[in-house]
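Engineer: Chain by chain, the residues run as shown.
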Amino acid sequence: MSLFSATDLGIRFGGIRAVEGVSFDVRPGEVFSIIGPNGAGKTTIFNLISRIYNPTSGRLNFNGQDITETPPHLIAGLGIARTFQNIELFANATLLQNLLIGRHCHSKVGLLSQLGFLPSVRRAEVEHRKVAEEVIAFLGLQRHRDSLIANLPYGVRKVVELGRALCTEPKLLLLDEPSSGLNVEETEEMAFWIDDIKKDLGITVIMVEHDMKLVSAVSDRVMALNYGRILAMGTAAEVQSDPEVIRAYIGGEP
Amino acid sequence: MHRPFKTQYEQDLRLFRAPSAKIWYGLLIVILLALPQFAGEFYVGELGGLFIFAIAGVGLMLLTGYTGLVSLGHSAFLGIGAYTEAILLARGWPFAVTLPAAAIVTAAAGIAIGVPTLRMTGLYLAIATLAFGGIISNVLQKWDSVTGGFDGFPVKAPSVLGVVLDGPWAVYYMSLVALVFVILLALNVLRSPLGRAMVAIRDSEVSAQSMGINLAWYKTIVFALSAGITGLAGGLFAHYVRHLAPDAFDVLLSIQLVTIVFVGGLGSLHGAIFGAMFMRLLPQGIAMIRDDLPNWLGRMPGLEPSVFGIILVLCIMFEPMGINGRWQKMKLWFNRFPLHRASASRRQKSYAKSERLR
Chain A
1 MSLFSATDLG IRFGGIRAVE GVSFDVRPGE VFSIIGPNGA GKTTIFNLIS RIYNPTSGRL
61 NFNGQDITET PPHLIAGLGI ARTFQNIELF ANATLLQNLL IGRHCHSKVG LLSQLGFLPS
121 VRRAEVEHRK VAEEVIAFLG LQRHRDSLIA NLPYGVRKVV ELGRALCTEP KLLLLDEPSS
181 GLNVEETEEM AFWIDDIKKD LGITVIMVEH DMKLVSAVSD RVMALNYGRI LAMGTAAEVQ
241 SDPEVIRAYI GGEP
Chain B
1001 MHRPFKTQYE QDLRLFRAPS AKIWYGLLIV ILLALPQFAG EFYVGELGGL FIFAIAGVGL
1061 MLLTGYTGLV SLGHSAFLGI GAYTEAILLA RGWPFAVTLP AAAIVTAAAG IAIGVPTLRM
1121 TGLYLAIATL AFGGIISNVL QKWDSVTGGF DGFPVKAPSV LGVVLDGPWA VYYMSLVALV
1181 FVILLALNVL RSPLGRAMVA IRDSEVSAQS MGINLAWYKT IVFALSAGIT GLAGGLFAHY
1241 VRHLAPDAFD VLLSIQLVTI VFVGGLGSLH GAIFGAMFMR LLPQGIAMIR DDLPNWLGRM
1301 PGLEPSVFGI ILVLCIMFEP MGINGRWQKM KLWFNRFPLH RASASRRQKS YAKSERLR
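Each protein sequence line maps, in turn, to chains A and B. Sequential numbering from 1 applies to the first sequence in the numbering used here. Sequential numbering from 1001 applies to the second sequence in the numbering used here.
Excised from the complex, chain B in its bound form:
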């Protein structure tokens, strides 16, 4: 099994722990940059959407997976980001300003929901954020003069230095750049004192406090960060859908985002990406095989939600660490082949604290 030999403390602070990781991630970037040359317009558009959901997934992962705060209101942050981007563009602001503005406005909204819910955790926080999502969704519907009400409005294509960034290719590349930026940002957070404070708050608030962590301050920061990243995804989402309407940002979208985080695997950035892949690719996969299925199954109206539900249930029952957990186990299996033992990835059960680990 490959383990890098450590001779310096700096080695544990590097972005890539093993030199081989640099090569693999570099290769992935090159493939993703070149892909639109070979893939059709439809697939490029879908991948752009996948990137956007991956960004939002990373945002929610920081909050739910690393800080242990469940939010059922992240569709609202996506919505605030999307509307800020579209409205500011329509008023003639330059794209270089509107996208950061979408993130900043949404981060401010994150603080607005974060501060009143500071003392809440678990179900109570979930309900509070759910209510927040409902409020924002209503505001988007009713505030006609700004949001265009139920009908919404078309999103203007952005232009940078006279070049109009229109169509799926533009969304693809913008989202890819934003995704890489967000992942680097998240990695920086996670290897800093801030990231450790988040994990501390997740695992034990009382001892986090005794170690000098100001719970109120850090929870607010994380809410702002998570919301800001989701708002950035929202700004790109506006260009992906090209016509904003409030019904896109309902509770179902929030649940989709939570599903990304849970199915992908809580507490890992890989999980957020895997989750987004699952969430965006599964409907396409179902659509592709639909025609080959027997008629009674292929034409069944609720096929897609059913498959989603079944996979979610199976995931929670058999792989609580999500797709990423399964991926880690597969890697371990190949690394140790043929000496693998089934007990290698079994976790010790903790009986003392029943609700600590999700």
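Bound-form chain A, shown alone:
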């Protein structure tokens, strides 16, 4: 039984077929990586899963539920969280506030009780804060808790974005290039966290990544894309040695 599946997924922007005929299953508890050259359609697939784009063809299924037509703001509540390639944090809010926004999909307090900040809102806020503090402890972000995101270095922001996604308590985590812009040590640290997220938190991960070292270190299965189509699928070693994949990256006889 797969946790997430895409069937014959496709999207066209005008005449450009950004993604075409892509089908894959993600099993519960695995790290599934998507690789491919620039413009292969990796981030487009993420945007399709998080419903920012409407697919022109195909179905998306998550946890036994068809989400092809679910509005984007309900995706987080179903248990799918994501990070963005070019960090989309709330720059003029503190780190803690950013994590608490990650709790939004679990917020059930009514509008009027918020206007009066009734005891029910206060209790809910403390509960959200507890979850946020657990994530802060997990990622070791304690000393930045009250800093504005705009004042934090890039490497830390990348971790905060991961933390914000974890605050939604997802079943499926979409990581869009978690290592981009990070140095070697930070990338290694990221690999450990992805491993911890999979093993300790039991969260399934789909990851778009260019750094093959990170991909080999953490992925159970890898899917290679080029021009919106699937080139190869299998373990990291299998995909890396696939002649089609090598040709897509390095070039060669057609």
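Treat each hint with caution, since some may be false.
Straight-line C-alpha distance at most 30 Å; calculated DSSO-like pairs for lysine-lysine [unchecked claim]:
(1) Lys108(A) / Lys1006(B)
(2) Lys198(A) / Lys130(A)
(3) Lys130(A) / Lys199(A)
(4) Lys130(A) / Lys108(A)
(5) Lys130(A) / Lys1022(B)
(6) Lys199(A) / Lys213(A)
(7) Lys1006(B) / Lys1329(B)
(8) Lys213(A) / Lys171(A)
(9) Lys1006(B) / Lys130(A)
Don't read these hints as lab results, they were simulated from the structure. Please read these numbers as outputs of a predicted model, since none were measured by experiment.
We have chain A already, so just place chain B on it with the hints.
Structural biologist: Structure of chain B alone, referenced to chain A:
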């Protein structure tokens, strides 16, 4: 430097973060309550006006400063609130009903402008709201049978339990109570999920959506809230001016409200209050020193708008965080004296996103 030691999560949810703040704000309230005993009628009236603009400033601050939606149509909301209040009072409704009604009717108008402009941001939203302001201003002029057309009509003084609330003192106290109420309301919003959703929409719509925030719903709510608060200010404004005429609610008033928010400092409630003080006290200050200035300067016809313009330009150039930003820096300077460094309040520049932060 004073930092409260935190031992409980509840501490971050309190209205006053430090115990000393309670004392200072309490003292301010006592002074404001006692002030009309000592100040002359003119000053009491002017302060009442200041409170009303501060209320409207808080309303616009929630929309522009916290949600990042610029509105050039807030004079219309002020107008709708003022006319609703005056018309309902004239028809014999009790004051306890008319003032909330002014806020609610205006909130409904806020939804009416909020829903069609949901997908607009920045300049496009500014133009759309500007047009809305123009439409409402025309309606107030042309709908003779209800609004009295160009001539307008005098506003009936409200009475509560047989006591007629007339004159500057009544406006002063009514507006003060309303201002405190509105500030508490805004503080509640800002420490709730709603306030965080607003900030999220301001800073990144796409990730706000991915975090489960329904953009359309929250933008509509914020428009309604902002308009409702401005409508409340409008209801009080009717009693402040005592004679309603449509030309009071033109685009210049909208720009004044936007100036309050920008000069005061975007993204802070203190900013809305500071901005209102600037907007209402500067003309008085200019009038006071006018006679002492050399004749060619003191008698110059466009002196007041020029000073406004110069301060606005200087503010945008040298202090984008407004009066509140300057105030925070001054506090920091005193807290750290003599160890202050000029780089302490310098913000890191973000090159990746050029138009994100205003």
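Engineer: Taking the hints in turn, state whether each one holds.
Structural biologist: Now for the hints, and whether the structure bears them out:
Distance restraint check for Lys108(A) and Lys1006(B): the Cα-Cα separation of roughly 27 Å lies within the 30 Å cut-off, and the hinted pair is therefore satisfied. With a CA separation close to 21 Å, the supplied pair Lys198(A) and Lys130(A) stays within the 30 Å bound. Distance restraint check for Lys130(A) and Lys199(A): the Cα-Cα separation of roughly 22 Å lies within the 30 Å cut-off, and the hinted pair is therefore satisfied. Under the criterion of a C-alpha separation no larger than 30 Å, the hint pairing Lys130(A) with Lys108(A) is consistent with the structure, at around 16 Å.
Between Lys130(A) and Lys1022(B), the direct Cα distance comes to roughly 27 Å. Compliance with the 30 Å bound is thereby established for this hinted pair. The suggested pairing of Lys199(A) with Lys213(A) holds, with an alpha-carbon distance near 19 Å, which does not exceed 30 Å. At roughly 24 Å between alpha-carbon atoms, Lys1006(B) and Lys1329(B) fall within 30 Å of each other, so this suggested pair holds. Between Lys213(A) and Lys171(A) the alpha-carbon distance is near 25 Å, which keeps this suggested pair within the 30 Å criterion.
The suggested pairing of Lys1006(B) with Lys130(A) holds, with an alpha-carbon distance near 15 Å, which does not exceed 30 Å.
The earlier numbered hints are all upheld by this structure, with none contradicted.
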